[in-house]
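> Sequence:
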Amino acid sequence: MKINLTKQSGIYTLTSEQVLPLSLEKAWEFFTLPTNLDRITPKEMEFRITNNPPNKTYKGQIITYKIGALPFIKSNWITEITHLEEQKFFVDEQRFGPYAMWHHEHHFKAVSDNEVLMTDIVNFKLPCGIFGDLVAGNYVKNKVKFIFESRYKILEKTFLS
Numbered sequence: 298m299k300i301n302l303t304k305q306s307g308i309y310t311l312t313s314e315q316v317l318p319l320s321l322e323k324a325w326e327f328f329t330l331p332t333n334l335d336r337i338t339p340k341e342m343e344f345r346i347t348n349n350p351p352n353k354t355y356k357g358q359i360i361t362y363k364i365g366a367l368p369f370i371k372s373n374w375i376t377e378i379t380h381l382e383e384q385k386f387f388v389d390e391q392r393f394g395p396y397a398m399w400h401h402e403h404h405f406k407a408v409s410d411n412e413v414l415m416t417d418i419v420n421f422k423l424p425c426g427i428f429g430d431l432v433a434g435n436y437v438k439n440k441v442k443f444i445f446e447s448r449y450k451i452l453e454k455t456f457l458s
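Heads up, the sequence shown is in our numbering, so the first residue is 298 and it goes up one at a time.
What the hints contain is simulated information worked out from the structure, not anything from laboratory work. The model shown is predicted, which means the values in this text are computed figures rather than measured ones. Think of the CB as a built atom: it goes at the ideal place given N, C-alpha and C, for glycine as much as any other residue. Any given hint might turn out to be false.
As the list claims (entries may be wrong) - For lysine to aspartate or glutamate, the following DMTMM-like pairs were computed, each having C-alpha atoms within a straight-line distance of at most 20 Å: (1) K450 to D417; (2) K299 to D417; (3) K371 to E402; (4) K323 to E390; (5) K323 to E341; (6) K323 to D430; (7) K363 to E377; (8) K442 to E382; (9) K442 to E412; (10) K385 to E341; (11) K299 to E402; (12) K440 to D417; (13) K440 to D430; (14) K371 to D417; (15) K363 to E382; (16) K356 to D417; (17) K422 to E377; (18) K438 to E341.
To be verified - Per label pair, the in silico range of CB-to-CB distance: (19) F443 to D410: 27 to 37 Å; (20) L457 to E322: 33 to 43 Å; (21) N435 to Y355: 30 to 40 Å; (22) Q305 to D410: 29 to 39 Å; (23) P351 to K323: 36 to 46 Å; (24) S409 to G434: 31 to 41 Å.
The task is simple: from the sequences and hints, build the whole structure.
Structural data, given as C-alpha cells:
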C-alpha cells in the first residue's frame, strides 16, 4: 500500500497508488460505474448515492450523496465530473459539501495486459480557514486517509480473492 498525505498552503494532498489484477478496460469499467463507489467506501462512512446516475461516468455528470462526515452528522455532498479521458483518468470536484475544496483525480495506467496501476490524487481544504484546520484538521486528515486505506483493502479483497 502506498499512501502519502501532505499539506501545503492550507491544502491537503493525498496520493494513493495500487496495482490491481485487472485489465485497463475492466478497471475503467468498474471505477466509472458510479454505484461502485458505495461498494468501495467503508461502511462507517454511511455513504449513499442519493440521485440516480446512469451506469457510465461522463464529463459534466453530477452525483449527489449523503455521507457521515462527522460522528452522528450526515452531510449532503454534490460532485461534478469535470474532466474525463477514456481509460486514462477522470476528475470529480465538489460543488457543494463538507469541504471548502475537493478535487479528486482518478488515474489508470496498464502495467501489463492484466494489471493496472490506479493512482488517486485528492486535494482538499477544510472550511473556516485556520480555525477549521485547528478544530478539525487532524480528524479530517486521518478520516480521509482511513477512507483510502480501507478502499485499498476492499479492492484487494474484491479483486485478489
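> With reference to the structure, classify each hint as holding or not holding.
Hints versus structure:
Of the supplied pair hints, the one linking K450 and D417 holds, its CA atoms being roughly 15 Å apart against a limit of 20 Å. Taking the CA atoms of K299 and D417, the gap is near 11 Å; set against the 20 Å cutoff, the hint holds. Restraint check for K371 and E402: the C-alpha separation of about 24 Å exceeds 20 Å, so the hint is violated. Of the pairs offered as hints, the one joining K323 and E390 is violated, with about 24 Å between alpha carbons and a cut-off of 20 Å exceeded.
Restraint check for K323 and E341: not satisfied, since their Cα atoms lie roughly 27 Å apart, outside the 20 Å limit. For the hint linking K323 to D430, the alpha-carbon distance of about 39 Å lies beyond 20 Å, and the restraint is violated. For the hint pairing K363 with E377, the CA-to-CA distance comes to about 15 Å; that is within 20 Å, so the pair holds. For the hint linking K442 to E382, the alpha-carbon distance of about 26 Å lies beyond 20 Å, and the restraint is violated.
Restraint check for K442 and E412: not satisfied, since their Cα atoms lie roughly 24 Å apart, outside the 20 Å limit. Pair hint K385 plus E341 does not hold up; C-alpha atoms about 30 Å apart against a cutoff of 20 Å. Between K299 and E402 the CA atoms are separated by roughly 16 Å; this keeps the pair inside 20 Å, and the hint holds. In summary, the hint linking K440 to D417 is supported, as the alpha carbons are separated by about 16 Å, within the 20 Å threshold.
For the hint pairing K440 with D430, the CA-to-CA distance comes to about 14 Å; that is within 20 Å, so the pair holds. With a C-alpha separation of about 24 Å, the suggested pairing of K371 with D417 is violated against the 20 Å cut-off. Restraint check for K363 and E382: the C-alpha separation of about 27 Å exceeds 20 Å, so the hint is violated. The hinted pair formed by K356 and D417 meets the criterion: a straight-line CA distance of about 18 Å does not exceed 20 Å.
A distance of roughly 17 Å separates the Cα atoms of K422 and E377; the hinted pair therefore holds under the 20 Å criterion. With a CA separation close to 16 Å, the supplied pair K438 and E341 stays within the 20 Å bound. The supplied range of 27 to 37 Å is met by F443 and D410, whose beta-carbon atoms lie about 33 Å from each other. In this structure the supplied range 33 to 43 Å is violated for L457 paired with E322, their Cβ-Cβ distance being about 19 Å.
Between N435 and Y355 the beta carbons are some 36 Å apart, a value that agrees with the proposed interval 30 to 40 Å. Take Q305 and D410: their Cβ atoms lie about 38 Å apart, and the range 29 to 39 Å holds. Take P351 and K323: their Cβ atoms lie about 19 Å apart, and the range 36 to 46 Å is violated. Remark: the range hint 31 to 41 Å for S409 to G434 is upheld by a beta-carbon distance near 40 Å.
In this structure, the earlier hints numbered 3, 4, 5, 6, 8, 9, 10, 14, 15, 20 and 23 are contradicted, and the remaining ones agree with it.
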